[in-house]
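Protein chains in written order, with our numbering: chain A, 4 to 324; chain B, 10 to 167; chain C, 261 to 749.
Think of the hints as simulated: they come from the structure by calculation, not from any bench.
Just so you know, these numbers come straight off a predicted model, no measurement behind them.
16 Å max Cα-Cα, derived EDC-like pairs, lysine to aspartate or glutamate: (1) A:K255 / A:E230; (2) C:K403 / A:E29; (3) A:K320 / B:D107; (4) C:K349 / C:E623; (5) B:K102 / A:D294; (6) A:K214 / B:E89; (7) A:K255 / A:E206; (8) C:K504 / C:E514.
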Amino acid sequence: MSKPKLALYWAASCGGCEVTVLDLAEKILDVAGFFDIVFWPCAMDFKYKDVEAMADGTIDLCLFNGAIRNSENESMAHLMRRKAKVLVAFGSCAMDGCIQGLANLTTREEILESSYQQTPSTVNPERTRPLPLVAAPEGDLDIPEFYDSVRTLAQVVPVDYFIPGCPPQSAQVLTVISAIMQGAVLPPVGSVIGAGEKTCCEECGRPRKEKHLKRFYRVWEAETNPEECLLDQGVICMGPATRSGCGALCVKANMPCRGCYGAAPNVIDQGAKMVSAIGSVIDFQDPAEIDSALDQIADPVGTFYRFSVPNSMLQHKQSSA
Amino acid sequence: MEMNSKTFEPRIIGFLCNWCSYTGADLAGTSRMKSAPNLRIIRLMCSGRVDPSFILRAFQLGADGILVLGCHPGDCHYQEGNFKALRRVHLLKRILRDFGVDERRLRLEWVSAAEGEKFAKVANEFTEEVRALGPLHLETNVLSQSLGGELETQEVAA
Amino acid sequence: MRKIVIDPVTRLEGHGKIAIFLNDDGEVANTYFQVPELRGFEQFCVGRPVEEMPRITTRICGVCPEAHHMASVKACDAVFHVEPPPAAKKLRELLYSAFYVGDHTLHFYALGGPDFVVGPDAPASERNILGVVRKVGLEAGQKVIELRKRAQRVVSLIGGKAIHPVTGLPGGMAKSLNTEERDEIVGHTAYFLEFAKFTLGVVDQVVLSNQAYVDMILSDTYTHRLYSMGTVDENNKGNFYDGKIRVVDPDGKEFVKFSPRDYLQVLEERVEPWTYLKFPFLKQVGWKGFVDGKDSGVYRATPLSRLNAADGMATPLAQEQYERMYKTLGGKPVHQTLATHWARVIELVYAAERAAELARDDEILSDKIRTIPTATPSEGVGSVEAPRGTLYHHYVTDERGILQKVNLIVGTTNNHAAIAMSIRKAAQGVIRRGVEITDGVLNRIEMAFRAYDPCFGCATHSLPGKMPLEVEVFDSHGTLLTSRRRGSV
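Using the sequences and the hints given, assemble the complete structure.
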């Protein structure tokens with residue numbers, strides 16, 4: 004009997020989700036023993052044509068990491084959807100857009116202008132810009148063109164499951180793959196797997212009090228007490244709006260959560276949930292005092308939506324609204 | 010699709026609290042005060058129940074302007090709910106600004122059960138302000154999946 | 261003119277494409293190395309609080325997030341005009357050394373190394389970590405896995421997370437080490453050292469004892485006489501974490517030595533329309549095109565360049581190996597690109613020795629690891645040696661520390677021009693009229709850039725993508741004659 008087929012693909016990604024799979028360490032040999040890895044560009048030389056040649060639905064499991072930024076990413080999303088029985092959005096880029104999603108708060112033109120014109124080390128008086136098609140003296144050269152914004156995998160094709168995290172912690176990846184290897188029944192389509200059903204606060208372990216915040220502190224400003232909730236101390240921590248599953252590693256290292264595991268269960272817009280939470284705990288009633296306190300939150304959109312701009316309700320900056 | 014701001018009819022969603030502002034709106038109605046029909050009202054128990062995601066959802070689904078009306082400070086049936094609403098709206102406006110949505114499309118006002126006239130005035134004034142701002146035409150990707158099951162298709166706001 | 265396209269390239273991080281144009285004699289007229297990705301960190305970080313950058317810029321690359329974390333936190337120190345306590349710097353450097361051990365190991369065994377260990381003409385299915393294991397032994401594979409596990413563990417003990425560390429702050433670190441953690445790290449560094457020695461053995465047995473490889477390393481096809489850049493300490497010994505940046509000319513003479521904050525006086529970047537990646541060059545020499553020599557502003561920033569730019573290594577076993585390499589290859593500086601693989605292993609030894617030194621330094625247990633900034637933030641540059649080259653983060657903020665301008669020159673970017681030249685020369689060397697373009701031929705072209713351990717995700721502050729390799733051969737009418745593909749896409 005043939006082994007179940009596994010594929011791993013990376014679209015617009017930093018590679019961290021590949022490394023988290025490599026961080027399975029010796030367990031990766033068990034995975035390679037159980038599955039027939041038919042496609043894994045980072046580590047193996049399988050051909051695109053090989054995947055195209057497979058009958059639809061013959062890949063049992065595809066772990067797809069990375070966001071959709073150009074036409075190549077998008078066509079691969081469609082290809083892997085056709086060829087895979089189960090397609091998993093693996094990691095924050097595929098699920099929420101991740102940090103590169105902050106580009107959705109700027110425009111393609113601004114990015115090109117700053118990269119090729121404005122940075123202080125760039126000297127470009129002819130205003131040369133990279134172009135999709137260039138006529139060089141010897142012949143034509145082409146490079147793929149970008150889309151105007153970053154999209155998540157589910158905004159392009161239907162997705163069966165979501166594994167959150169930037170990156171998903173190796174231990175969680177192992178839990179999911181082991182369960183599949185042992186023949187576990189999969190949860191309903193659309194579920195988040197490899198993560199918890201609570202917020203990050205659950206895993207944090209620090210004592211929490213009822214909050215009455217009059218002041219916010221940025222992480223550089225003050226040394227914090229490691230035995231007390233960071234939000235209680237006025238440091239914005241995304242724990243209340245973020246799904247559990249990572250082990251609260253950042254907070255255990257004395258740094259506030261920034262939300263890489265995505266929205267908490269039953270929350271659609273992670274940033275909006277944080278607005279709600281912060282709104283609850285500011286201890287002012289006068290509008291002017293409220294605004295002064297809010298002024299101390301240095302970058303609400305970039306903090307509350309650090310990983311999730313593309314998957315937020317507004318998805319990207321409106322051009323004129 | 011409206012081409013001309015004179016003929017553009019803004020779609021306004023109002024989140025009104027049961028105890029004060031909804032009753033105030035009711036009073037405006039029974040007193041036959043004229044108030045803009047552009048406003049569609051959603052009644053909640055308290056303005057503190059307005060989750061910021063309701064506001065964003067309303068924009069997503071086609072609202073051009075959103076009103077949040079609650080009890081005056083000190084009068085909230087649940088003590089603090091209206092203050093929570095105040096703080097959330099202030100913070101959400103900053104977020105809207107960074108997303109390129111004019112923050113004037115979101116407005117919070119206090120309207121008591123006896124202030125039918127104030128309700129009508131706010132509804133009318135806000136409708137005109139949003140009319141001047143023009144339609145929102147939120148650009149979003151069409152396919153969006155809610156976690157936990159069913160696929161939900163939202164059309165881009167017309 | 262015939263065009264051959266190699267798209268994408270394999271066994272490196274990132275996305276790249278090569279176009280080779282042949283003239284009517286079937287010889288290589290020109291090659292273009294194109295990097296097709298861009299994400300825009302320099303723009304979308306504007307508006308972010310500067311102290312968040314050490315956690316934002318790690319997402320430029322999930323393979324070397326530690327490099328960005330360190331360069332970023334040093335830039336933040338500079339922006340806030342704050343000096344971290346010595347214990348904090350040692351913690352940072354210890355994390356960084358452990359990262360280097362893991363990263364150089366990954367490249368040698370899984371990415372660039374297979375070309376030597378199994379040979380450039382071995383079938384594609386053998387030219388990867390599995391082929392290496394088959395050649396050198398299963399135990400080697402297990403050692404690599406164990407090494408990486410330990411290196412990641414050290415990073416997470418100091419940095420909070422292994423992939424995308426979080427503890428760097430302007431003025432210090434967020435977390436100190438307790439004795440248990442420190443003792444565990446000491447144990448790991450002992451393993452690093454043993455493994456580094458083992459890898460030296462692999463270089464000896466498999467590469468240096470094979471005359472064909474040595475000839476290939478020394479051949480002109482893979483040689484370029486260029487300026488070399490690297491970071492050195494106050495004794496002009498190489499250091500990955502901190503120091504001044506030194507550039508030596510193709511003859512090995514010091515050309516310039518500068519502080520990171522003065523990088524704009526030394527470097528300039530050029531834009532070409534056929535690639536998203538820019539080309540840095542030495543401003544004072546000037547851009548003369550993709551050419552070798554003292555009059556050309558093209559420079560390299562690789563493990564080999566770092567060794568060329570330094571007067572030696574700061575730790576004993578690494579120093580011994582440094583001397584041995586130069587003796588074997590005929591003196592300093594060495595310009596043979598493939599020798600970069602050997603230089604990389606020497607750096608692996610240094611990183612292991614340095615990690616052991618720092619772990620045993622009792623100051624590493626101190627809880628004085630933060631200086632709270634008091635000055636108004638403004639502007640700063642931080643640099644480190646990323647495994648792939650000197651990495652610069654330059655931030656300009658307003659008086660609240662909110663970013664107004666960001667400039668990044670990332671490791672591999674330094675080498676963009678040199679990579680393009682290496683590819684062209686290798687292509688000219690191996691593609692000749694009448695010679696069939698086999699998989700092995702193409703691989704010898706790829707070897708030219710694989711030595712640089714490029715990370716184009718970093719280079720374009722974009723996302724590394726898949727690196728399959730596609731070659732298409734067109735005749736002068738544009739008709740497809742033959743095509744060959746490796747990997748995906």
